[in-house]
Amino acid sequence: MNDHDIIRALSTDAHDANDAPRRLLALHDRLAAAAESEGILDVAYRTIDSPVGPLLLAATTAGLVRVAFAVEGHDEVLRALGERVSTRLLHAPGRLDPAARQLDEYFTGGRTQFEIALDWRLSKGFRLAVLRALPTIEYGHTASYGAIATLAENPKAVRAVGSACAANPIPIVVPCHRVVRSDGGMGGYLGGAEAKRTLLELEAAA
Amino acid sequence: MTGKPTFETIVSTHGSRVLRVCRAVVGGVDADDAWADTFLAAMRAYPDLPADANIEAWLVTIAHRKAIDITRRAARRAVPMASPPERIIDAAEPTGARADIVDAVRALPPKQLQAVAYHYLADLPYADVAAIVGSSPAAVRRAAADGIAALRRASSTDIRPNGDPQ
Numbered sequence: 001m002n003d004h005d006i007i008r009a010l011s012t013d014a015h016d017a018n019d020a021p022r023r024l025l026a027l028h029d030r031l032a033a034a035a036e037s038e039g040i041l042d043v044a045y046r047t048i049d050s051p052v053g054p055l056l057l058a059a060t061t062a063g064l065v066r067v068a069f070a071v072e073g074h075d076e077v078l079r080a081l082g083e084r085v086s087t088r089l090l091h092a093p094g095r096l097d098p099a100a101r102q103l104d105e106y107f108t109g110g111r112t113q114f115e116i117a118l119d120w121r122l123s124k125g126f127r128l129a130v131l132r133a134l135p136t137i138e139y140g141h142t143a144s145y146g147a148i149a150t151l152a153e154n155p156k157a158v159r160a161v162g163s164a165c166a167a168n169p170i171p172i173v174v175p176c177h178r179v180v181r182s183d184g185g186m187g188g189y190l191g192g193a194e195a196k197r198t199l200l201e202l203e204a205a206a
Numbered sequence: 001m002t003g004k005p006t007f008e009t010i011v012s013t014h015g016s017r018v019l020r021v022c023r024a025v026v027g028g029v030d031a032d033d034a035w036a037d038t039f040l041a042a043m044r045a046y047p048d049l050p051a052d053a054n055i056e057a058w059l060v061t062i063a064h065r066k067a068i069d070i071t072r073r074a075a076r077r078a079v080p081m082a083s084p085p086e087r088i089i090d091a092a093e094p095t096g097a098r099a100d101i102v103d104a105v106r107a108l109p110p111k112q113l114q115a116v117a118y119h120y121l122a123d124l125p126y127a128d129v130a131a132i133v134g135s136s137p138a139a140v141r142r143a144a145a146d147g148i149a150a151l152r153r154a155s156s157t158d159i160r161p162n163g164d165p166q
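First to last, the protein sequences are chains A and B.
For the first sequence, counting from 1, position 199 maps to 199 in the working numbering; every step adds exactly one.
For the second sequence, counting from 1, position 131 maps to 131 in the working numbering; every step adds exactly one.
The shape of chain B in the complex, shown without the other chains (with noise of 0.2 Å):
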């Protein structure tokens, strides 16, 4: 008896919201193969996971590595541009005045996108973000700090009639 549920069950619990990670950290594009390269790999290991684990921080300590594996191929498939576009609006994003938050959060700087991430979209306390990330409890809090003032400050501009920044 493992008392572990099956995973199914981790699939509808989680998927969700490791989609909105994946969307975060790697982008509407290539969200998808992180989703599905996290779950695979998942399920490859979950019999060995103990049943006591935090399966959501588990997870996102995947997804965190296959984000990771998935930028570095993009880069080395990117072509070398002269002056890089501030940022890329992929056609799998919604578009429109309603655009979501977490394509938004996708636009911060990498230390900020991952410390706002992984406690606010993934709900994992601090401790749990900074050793998924490599670094301490305290970084990973003025980081997501950092990033939500910025966020806030996307929002005051952004979302102005007829698209004026202010």
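For reference, chain A alone in the conformation it holds in the complex (with noise of 0.2 Å):
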């Protein structure tokens, strides 16, 4: 070999085409334990295969942050994490068990509310005292934009309930997809449409 194809040798990444995946991964494994147990893993999120798409479950040491639907944009979502909660983020899917066990008991039909903590940190104002009242909408029912108004002691707030249902963060453990139109109609659903229809579906069939 000469010069060149020394420093071209040395730029590119011959060797870790072979066994550097798997040991990067059980590097980054060990770094995600080991920033656990020092507590400087301010978010772990991962992922989950559901009925509804892949959902993306985040949580900080306080609680389950955020869930988020594929059309959100997962990706996005984790860079909007790292800049309104913290960088310190990792993919640690450890943290997450008891959230991502109890989703899919409640797909499976089994659960009908979830016993989690959860970090209410990215609502505030109006938005909070209203997805703070939705789990007061027992599985299996709806009620109307109107009446979570109420319920959130402002109930000429209709279309502010509508708006805090869609950037709900939390959605499916804060049940906004049992919130509906008073004319009977589904309403609209930051999952889309058709998840809100196949939540509603797997509720009623339970």
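Read the hints as simulated data drawn from the structure, not as lab findings.
Beta carbons are placed, not taken as given, at the ideal position from N, Cα and C, and that holds for glycine.
Be a bit skeptical, because a hint or two may be false.
In silico lysine to any residue, SDA-like type, Cα no more than 20 Å apart, as pairs [unchecked claim]:
| # | chain 1 | residue 1 | chain 2 | residue 2 |
| --- | --- | --- | --- | --- |
| 1 | B | Lys4 | A | Arg132 |
| 2 | A | Lys124 | A | Ser182 |
| 3 | B | Lys4 | A | Ile7 |
| 4 | B | Lys111 | A | Ile7 |
| 5 | A | Lys156 | A | Ala117 |
Over the 10 Å line for every Cβ pair with chain B, so calculated as not near, a few chain A residues [what the hints assert, rightly or not]:
| # | residue |
| --- | --- |
| 6 | Ala9 |
| 7 | Leu10 |
| 8 | Leu24 |
| 9 | Tyr45 |
| 10 | Val71 |
| 11 | Pro98 |
| 12 | Glu105 |
| 13 | Arg111 |
| 14 | Ile116 |
| 15 | Arg127 |
| 16 | Glu138 |
| 17 | Leu200 |
Got two chains here, separate frames each, mind docking them using the hints?
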């Protein structure tokens, strides 16, 4: 080899095509575990498959902070979490195990409510009041936007209820899909109308 | 708004390159520890890193310090030997005819090793490498050139059928 070949070999990842990807995955997991035990893993995330498509789950040390549908763009959601919560964010499935298990139970029909800590920091003011009222709508039932406005102690704020639901950072677990139009229409959904229909049908069938 | 990438992005963008640097600087067995120490320290400090910082240079700077720590620890552990072996082939390294060039870098004298690893493997300019190793850009450039020359000589003796150096 001449100098040029040596330099080219140094700057290409020839070796890394072999065992490095697996080794890097193991190192990544080791880093996530060390960061978790040291208390510097501010946001842990993972994705799960579901009947409404892949879901991104993210949790702080306080609790589940974000559930995102694929249509929201998971990369964009992670970038936004980096800006709004913390850039010390890693793929670290362990912290999301309880949420993943309970969502799986929900989708297979056995679970009617979630028992996981929630981190509400992405919501404020009236929107937060709306979202906090949503778990009072029981599994398999629906409520109108107007009824939720009343529950959130601002009966005239029907449209604001709609925008609070559209900005729900923890959909499915915080059941904004159970809020429908008073004329019987399904209303919009941040995960798409099809996802809302799937969730309502799932709950109606159980 | 910080505009900074998430640490997951930092790991996926730079993880492979930093591992190559660690393998060259501390060897295959200790490379995992050096990598893990580097990224854990980096994650600790990441919130305070300016948004416009050169992340690659920052990571290599940390890796350089962690490599020194690991080398010192290894030296304290080591049993003194009358005549140390030329080069220890460790089990974690790829073996056989297509041993990686990173392993050849590992065999260079320290100054050449660092210059080659940080300039060619980590792709940092000589000025950044000089800042990391506490030297001048000109000295680093010379060390890197000497290192490349040594790698060329090694490649022309090592890579022969039946391993007969000529």
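To see whether the hints hold, each was checked on the structure:
With a CA separation close to 31 Å, the supplied pair Lys4 of chain B and Arg132 of chain A exceeds the 20 Å bound. Distance hint between Lys124 of chain A and Ser182 of chain A is unfulfilled; the C-alpha atoms sit about 26 Å from each other, more than 20 Å. A distance of roughly 32 Å separates the Cα atoms of Lys4 of chain B and Ile7 of chain A; the hinted pair therefore is violated under the 20 Å criterion. At roughly 17 Å between alpha-carbon atoms, Lys111 of chain B and Ile7 of chain A fall within 20 Å of each other, so this suggested pair holds.
With a CA separation close to 31 Å, the supplied pair Lys156 of chain A and Ala117 of chain A exceeds the 20 Å bound. The beta carbon of Ala9 of chain A sits about 4 Å from the closest Cβ of chain B, which is not more than 10 Å, so the claim that it is off the interface is violated. At roughly 4 Å from the closest C-beta of chain B, the C-beta of Leu10 of chain A falls inside 10 Å, breaking its exclusion from the interface. Its beta-carbon lying about 5 Å from the closest one in chain B, Leu24 of chain A breaks the requirement of being farther than 10 Å from that chain.
The claim that Tyr45 of chain A lies off the interface is violated: its Cβ sits roughly 8 Å from the closest Cβ of chain B, which falls inside the 10 Å cut-off. Annotated as non-interface, Val71 of chain A keeps its C-beta farther than 10 Å from every C-beta of chain B; the closest such distance is 21 Å. Remark: the non-interface label on Pro98 of chain A is consistent with the geometry, its nearest Cβ contact in chain B lying 21 Å away (cut-off 10 Å). Every CB of chain B is more than 10 Å from the CB of Glu105 of chain A (nearest about 28 Å), matching its label as outside the interface.
The claim that Arg111 of chain A lies off the interface holds: its Cβ sits roughly 29 Å from the closest Cβ of chain B, which is beyond the 10 Å cut-off. Even its closest Cβ contact with chain B, about 22 Å, leaves Ile116 of chain A beyond 10 Å, as expected for a residue assigned away from the interface. Distance check for Arg127 of chain A against chain B: the nearest CB is about 20 Å away, which clears 10 Å, and the non-interface claim stands. For Glu138 of chain A, the shortest C-beta to C-beta distance to chain B comes to about 37 Å, beyond the 10 Å cut-off, and the non-interface label holds.
Residue-level check passed: Leu200 of chain A sits 34 Å from the nearest beta carbon of chain B, beyond 10 Å.
In this structure, the earlier hints numbered 1, 2, 3, 5, 6, 7, 8 and 9 are contradicted, and the remaining ones agree with it.
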